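**Q** All chains should be modelled from the sequences, with the hints used to inform the complete structure.
Same order as they appear, the protein sequences are chains A and B. My numbering numbers the first residue of the first sequence as 13 and each following residue consecutively. My numbering numbers the first residue of the second sequence as 120 and each following residue consecutively.
FYI, nobody ran anything at the bench for these hints, they're computed from the structure. This structure is a prediction, so every number in the text was calculated from the model and none was measured. Just to be clear, a hint being listed does not mean it is correct.
Claimed, not checked - One side of the interface only, derived from the structure: several residues of chain A facing chain B at Cβ under 10 Å: (1) Tyr155; (2) Gly156; (3) Asp187; (4) Tyr198; (5) Asn199; (6) Gln230; (7) Met238; (8) Arg461; (9) Asn473; (10) Ser477.
Note that the Cβ used here is the ideal one computed from N, Cα and C, for glycine as well.
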Amino acid sequence: MTTTSSHLSSDRVNLLDLKEWLRREFLSFFEDCPGKKLIAWDKQLTQPLGLIADYRVLKERGVDKMMDLRELTDTRILKKEDLSDVSHIFFIVKPKLELMSLIAHNVLSVEKELKNEIKEFHILFVPRMTHLCEKKLTDLGVYGSFKKNLKEIFLDLIPLDNDLLSMENSQLFKDLFLYNDPTYIYNIAKSLMTIQSLYGIIPNIYGKGKYSRMIADQILRMRREMGHNQETQITPKIDNLILIDRNIDLITPMMIQLTYEGLIDENFGIKYTQLEIPQEKIKKPNQDDKLNVVEMKKSIVILNSSDSLFAEIRDRNFNAINPVLSRTAKELQQTNEEKNRLQSVSQLRMFVEKTLKTYQVKKTSLENHMTIAEIIKELTMSDEFFEKLLTQNDLLAGLGGEKPNSYIINSMSRGEDIYTVMRLICLHCAVNNGFKTSLLETYKREIIRAYGIKYFELLNNMEKSNILNQQYQSF
Amino acid sequence: MIIGIGWTSSEDLMVIFESGEIQIRSLYGQLKSLFNVIKDSRAIDFQIFNTVNTYTGSYTTGCVILSAKNKLVLVKDVYDPKIQQFPDIPGSGELDSWCIISTDKNCTVLASRQNDLYQIVYGGVPQLLRLNFGVEYNSIKKLCVSFSHDLVALNTDTGYLLVCNNEITRIIHKYKADTTETALDIAWISNKAILALWDNLYLIPLGSDDIKNHFEIYYSSPCFLIQELDGVRVVTSTSNIFYQVVPKPLRDIFEIASIDVSSALFEASIAFYENKNQKAEEYIRSIKEKGALEDAIANCIQAAPHEFEPKYQAEVLRASLFGRYFDDYANAASYVKMCQTIRVLNAIRHPQIGLPLTYLEYEALSPSVVINRLITRRHFALAIEICKYLNMTDEEGIIKILSNWALYKVSQTDVEDNQIAAMIKSKLGDTPGISYAEIARRAISAGRSGLAIRLLDYEVKASEQVPLYIEIDMPELAIKKAMESGDTDLIYMVLFWYKNKFNNVSDFMKDISKKYHIAFSLMLQYFRQNSQDDKAINEFNDILNQQNLINEQVCSIINVALKQQTAEKKKQMFDEAKRLYLNKEVFNTNLLNDEIKLIKTQENLERNYGKKFDGKSLYETLGELIRLKLLDEAEKIRKEFKISDSSESWWHLKVKNLAKASCWDELEKFSKSKKSPIGYEPFVNYCMDANNVQEAKKYFPKVAADNRFNCLIKMKCLADALDLAYQKKDIQQVNIVIGKCDPSSQKILIDKAKMYRGELINK
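**A** So this is what it looks like as C-alpha cells:
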C-alpha cells in the first residue's frame with residue numbers, strides 16, 4: 013500500500029464485512045420462507061457455503077434435511093418420506109445444465125407423487141443464474157413449478173482468511189487458457205465490483221497479461237454502466253488493485269512449496285482452509301517420541317489465521333518452524349506451572365476466566381501442528397524428496413540444458429506420480445523458454461510409454477495452453 | 120354509451136360506459152388501459168373517489184359502479200383494477216341517491232331509498248340507519264361527502280340540507296332552503312362551508328347548528344361544481360372561479376380589527392415602507408413586548424403563498440422580512456423555502472402553463488407529482504428549471520423529465536430518425552440513469568426500428584441493448600454488443616437465438632467461427648460441457664472436424680476409445696483417430712500407431728499367458744513381463760518398440776523389476792551385459808527396496824565414488840559411511856550419519872561421529 017498517513021494504513025480491509033454481507037444474503041433466502049426446508053446441494057458448494065453459514069445456522073432457519081443433489085438420480089429420487097412436513101425444497105447449484113435436468117427430474121416426480129400437497133420449489137444459483145439454465149428448465153417443463161423462486165447469490169470470491177479471497181476454482185485455468193472461455197473474466201470483474209461496493213472504488217488498477225487487461229476493462233465498463241451511484245460515497249479502503257495473469261509466471265506453481273503451509277498443501281492438499289489427514293498417517297510415529305504424546309483426535313484441521321500459532325508459522329520455511337514450536341511449548345509449560353503455584357480460590361478463578369481458555373486453545377493448536385510437522389518432516393527427510401528438490405533447483409538454475417533430464421526420465425520409468433514428473437518437465441520447459449522439438453517429443457513419448465495413452469489429451473492440452481511449448485526457431 | 124367521465128389522481132381521463140367498461144385515457148386521449156366491471160347487466164350510475172393513504176399522503180383513485188340490478192361494484196384502484204362486490208342493497212327499487220365514504224381502512228356506501236338510509240360497508244352487513252333527523256322528509260335526494268370524507272351533506276325532498284358525521288350518528292348542522300326542489304349539485308368548501316346549486320348558487324357557511332344565513336351568487340350560465348382539497352371550483356361556460364375559505368394566516372393579518380401580532384407586523388412594514396411614519400416603530404415595540412415577533416414573522420411567511428397576486432405575496436413577504444430586522448435569532452431557511460415555493464407556484468399558475476394550484480394542494484401533491492403533471496402537459500423546459508431550482512434528485516427530476524421528453528420525441532412520426540436520435544443524444548448526453556434502451560423500446564413499439572437502432576447505440580448497458588437487438592432482428596449488433604459486454608450468459612442467449620436461424624448446427628458454427636472468435640470458443644465450450652451421450656459426442660466431433668480442431672477431436676475419440684470394452688473396438692477407434700491426422704502430424708500419428716501395436720501385443724500376451732495386460736502402459740507391460748520372468752517376451756517388445764537397450768529407461772525398468780521379482784541371477788547377468796548407462800547406484804537402491812543387503816553389496820564396488828556415501832547410508836552401513844565422510848572431510852555427511860543413528864543402540868557410533876565432527880571443525 014502506498015499510503016503515507018498512518019490512519020489509512022491502519023484501516024485494513026475488513027473481509028468480515030464481505031462475509032457478513034454474503035451470510036445475510038444467503039440466509040435471507042431461508043428466512044423469507046416459513047416452514048421446514050429441505051436442501052439438495054450441488055456437493056461442490058457445501059464447503060464454500062459452509063464457510064459462510066454452517067449447518068447449525070441453517071438448522072435454526074428451519075433447514076431440516078440436506079441431500080446431495082448428484083445422488084438424487086434415477087434410483088434415489090426425492091420421495092414422499094423425504095418430504096414429510098417439508099414445505100420448501102431448495103436446490104442450491106452452480107448454473108450447470110446437467111444439474112437442471114436432475115432438478116427437473118426430481119421436481120416432476122415430487123409433483124406427481126404428492127399431487128395434493130403444496131410444496132414450494134426454489135433454486136439458488138451460485139454465483140449467478142443464466143439464461144441457458146432458465147431455458148433448460150423451460151424446455152424440461154418445470155420452469156413454472158418454481159414460480160419466481162429462482163434466485164442467485166454472488167458467491168464467487170470466497171473469503172478464506174482475513175487477507176485472502178479465492179474463487180477456489182480448479183477449472184478456471186483450463187477453461188480460460190485452454191478453451192478461451194471468457195466467462196470467468198466477467199465473473200471476476202463482477203466479484204471485484206461487489207468488493208468495491210463494500211469497500212469503495214479502488215482508485216488504481218495495475219495489471220499484467222491479456223486477461224488482466226480484459227478484467228480491468230470490464231471493471232471500468234461496469235462502473236460506467238452503474239453510473240454515479242452511492243458507491244462513490246464510500247471512502248476507498250483499498251488503494252490498489254493488482255491483476256496478474258497466471259500464465260505470466262508458470263515457474264512458481266511448478267516448484268515444490270517449502271513453507272510449512274505449502275508443504276501441507278503439497279502432501280495432503282488444503283481445501284477451503286481445511287486439511288484432512290489420512291488417519292493412518294497420524295498413527296505412524298513411535299509412541300515414545302516426546303513430541304507426540306497426544307494423538308490428534310480429529311483428522312480434520314482448520315487452517316487459517318484465527319489460529320495464532322499457524323499464522324506465525326504458515327509462511328516460514330519448513331526448517332524454520334521448530335524454534336517457534338518449541339517456544340510455544342515452553343510458554344504453555346510456564347502457564348501450566350503458574351497454575352500449579354496458584355493458591356487462593358480467587359486466583360484460581362482469575363486463572364480459569366482469563367488464561368485457561370486460551371491455554372486450552374493454544375495447547376490443542378500446538379499438538380496439532382506438532383503432529384502435522386512430524387508427518388511432514390518424515391516426508392521431507394526422504395531421499396526422494398531431496399533428489400527431487402535438487403533436480404528442481406538444477407533445472408531452475410538453467411542446468412537442464414537441451415537434453416532430457418535423467419532424473420525426470422528415471423522417475424518416469426520408476427513410475428513416479430505423473431504430476432510430480434509433469435511439474436518438473438514444465439519447469440524445465442519454462443526455464444528453457446520452450447523445448448526444441450526433439451526434446452519435447454522425447455518427453456511426450458516417454459510419458460505415453462510410462463503412463464499410457466490416456467495422458468495424450470493432457471499433453472495436447474498443455475501444449476495448446478502453452479505450458480509446454482516449442483521454442484521459436486529464430487533462424 | 121358513455122354514462123360518465125372523470126379524472127384520476129394522476130390526471131388520466133376515466134370514461135365509464137353503460138356496458139360496464141372503464142377506459143383510462145391519457146390527457147391526450149390515448150388509451151392506456153381498459154377493463155370491464157359488470158358482466159350480466161348495465162351500469163346506470165358511478166362514483167369516482169380518491170382515498171388518501173395516511174402514511175404516504177398519496178391518493179388512489181377508485182370507483183364504484185351501480186348496475187341496473189342494484190348491485191354495487193367496487194374498484195379500489197383503477198390502475199390495478201380488482202373487481203370487488205359490495206353486499207346487496209336491502210330492499211328493491213331505484214335508489215334516490217348514494218355516495219362513497221372511503222378511508223384507508225374501509226370503503227362504505229351510503230344509499231338512500233325514500234325514507235331509508237343504508238350504510239353498506241365493503242365486506243360487512245348492510246345496515247339501515249335509524250337516525251332521527253328531526254325534520255320532516257320523505258326521501259333523501261342528494262348525498263355529498265366532504266373532500267376529507269369526514270362529513271356528509273344530505274339534501275331532503277323537503278328542502279333541508281343536513282350535515283352529519285360520516286358514520287351518520289350525529290347531525291351537526293341543519294339548513295332549510297327556500298325551495299323544496301332537489302339541489303342540482305352540492306360541493307364542500309373544506310369542511311367549513313357548502314356550495315349548493317339550486318336556481319342560483321348558494322354559499323352556506325357552516326356556523327351554528329341551525330343555519331339561517333346564506334349568500335346567493337348569481338350566474339347567468341349553467342355552472343358545475345368541482346370539489347377540491349381546500350375549495351370548490353365553479354366552472355361556467357365563460358369562467359372558472361375558485362371558492363375557498365380564507366386561510367387562517369391571511370385572516371390573521373387582514374381581518375378587520377385583527378389583533379394578531381402578524382397583523383401588527385404587516386401594518387408596521389406598511390407604515391415603514393409606504394407611509395414612512397414612526398408608527399412602524401410603535402407596532403414593532405408592541406409585538407416585541409408580547410415577545411411574539413417570531414410568531415408574527417412565521418405567520419407572515421405562512422400567509423404569503425395563500426395570496427394569488429404576486430403583488431400581495433411580495434407585500435406579505437416584505438412584512439416578514441421587515442420583522443426579521445428586529446429579530447436577533449432570525450433564521451432565513453423557512454423564508455427562503457417559502458420564496459422558492461411561491462416562485463414555483465406562480466410559474467405553474469401562469470396562464471400558458473395553466474396549473475392554478477392552491478398552496479395546500481401543492482403541498483399535498485408534493486413537487487415530484489407537480490413535475491409529473493408538467494411532464495404530462497409536455498412543459499419539459501419548465502419542469503427541468505423547477506427541478507434545478509428546487510435541487511431535486513436526478514431520479515425524481517432530470518432523468519424522469521428527459522426520458523419522458525425523449526419518449527415524446529420518439530412518437531413524433533413526422534421527424535426523421537437521424538434528427539430525433541441526434542436531438543435526444545444532444546439533450547440527454549451521458550446523464551447517468553437515463554435508459555436509452557427504454558426509449559428505444561418505445562421506438563420499436565412505434566414501429567421505428569431504424570430509430571431504435573440509433574438510440575440503442577447510446578445505451579451503455581449491454582444487458583438492455585441485446586434483447587432489443589434481438590427483438591428487431593439485428594444479429595450482428597446483438598452478438599457484437601453481447602461480446603463487448605463480456606457477459607457470457609448474454610452471449611449465449613444471443614447465440615442460441617441466432618442458432619435457430621440456421622438449418623443445422625454445423626452451418627451455424629461455420630458462420631460464427633468466421634466472424635466471432637469469442638462466441639465460437641463459447642459455443643465449443645457449450646458442446647464440450649454438454650455432450651454426454653454418444654450422439655452428442657459425435658455431433659461435437661463433427662464440429663471439431665469441420666473447424667480443423669483435429670487434435671481435440673482426436674482427444675475426444677481417444678477418451679471414448681479408452682472406455683471401450685473390447686480390444687478390437689479400441690484398435691478401431693485409435694485407427695480412426697490416427698487417420699484424422701492424414702499423415703500430417705507424424706509424431707502424434709506414431710504415438711497412436713504405437714498404441715495400436717501395444718493393444719495387439721497385449722492381446723497376444725493375454726492369450727498366451729492368461730494375465731491381464733489391458734489398459735497398461737508400455738512400460739507397465741514390460742515391467743510386468745520382467746516380473747513374470749518372461750524376459751524374452753520383454754526383449755522382443757523392446758525391440759519392436761525400438762527402445763534402445765542402452766537407454767536409461769530400459770535399464771531402470773529392468774533393474775527395478777528384476778529386483779522386485781528377486782531375480783538376483785538375472786540382475787547380475789544384466790549388470791554385466793554392458794556398462795550401465797544409469798550407473799550402479801540404482802542397482803543398490805533397488806536391491807535395498809527389496810531389502811536385500813547381500814545383493815546390494817555386490818554392486819557397491821561399481822558405484823561411482825560420488826554416490827557411494829548415499830549408497831552406504833541406504834545400505835545402513837553407517838560405520839562405513841562415517842569413515843567415508845571423514846575421509847572426504849565432509850562435515851555435512853557426518854551430520855547425516857548422526858541423524859540416521861538410533862540414539863539408544865548406536866551410542867558408540869554417535870560418539871565417534873561427534874568426535875570426527877569435532878576434529879573436522881577444528882581443522
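**Q** Determine for every hint whether it applies to the structure shown.
**A** We went through each hint and held it up to the structure:
With 10 Å as the threshold, the beta carbon of A/Tyr155 stays out of range of chain B, its nearest partner Cβ sitting at about 15 Å, so the hint is violated. Because the smallest distance between the Cβ of A/Gly156 and any Cβ of chain B comes to about 20 Å, over 10 Å, the interface hint for this residue is violated. Among the interface hints, the one on A/Asp187 holds; its C-beta lies about 7 Å from the nearest C-beta in chain B, closer than the 10 Å criterion. The interface hint given for A/Tyr198 is met, as the beta carbon of that residue sits about 5 Å from the closest beta carbon of chain B, less than 10 Å.
A hinted interface residue such as A/Asn199 counts as satisfied when its beta carbon comes closer than 10 Å to some beta carbon of chain B; here the least separation is about 9 Å, so the hint holds. For the restraint placing A/Gln230 at the interface with chain B, the shortest Cβ-Cβ distance is roughly 5 Å, inside the 10 Å limit, so the hint holds. Given the 10 Å rule on beta carbons, the hint for A/Met238 holds: about 8 Å separates it from the nearest Cβ of chain B. A least Cβ separation of about 4 Å between A/Arg461 and chain B falls short of the 10 Å threshold, and the interface hint therefore holds.
Of the supplied interface hints, the one on A/Asn473 holds, with its beta-carbon coming within about 8 Å of a beta-carbon of chain B, less than 10 Å. Hint status for A/Ser477 relative to chain B: violated, with the closest Cβ pair at about 12 Å, above 10 Å.
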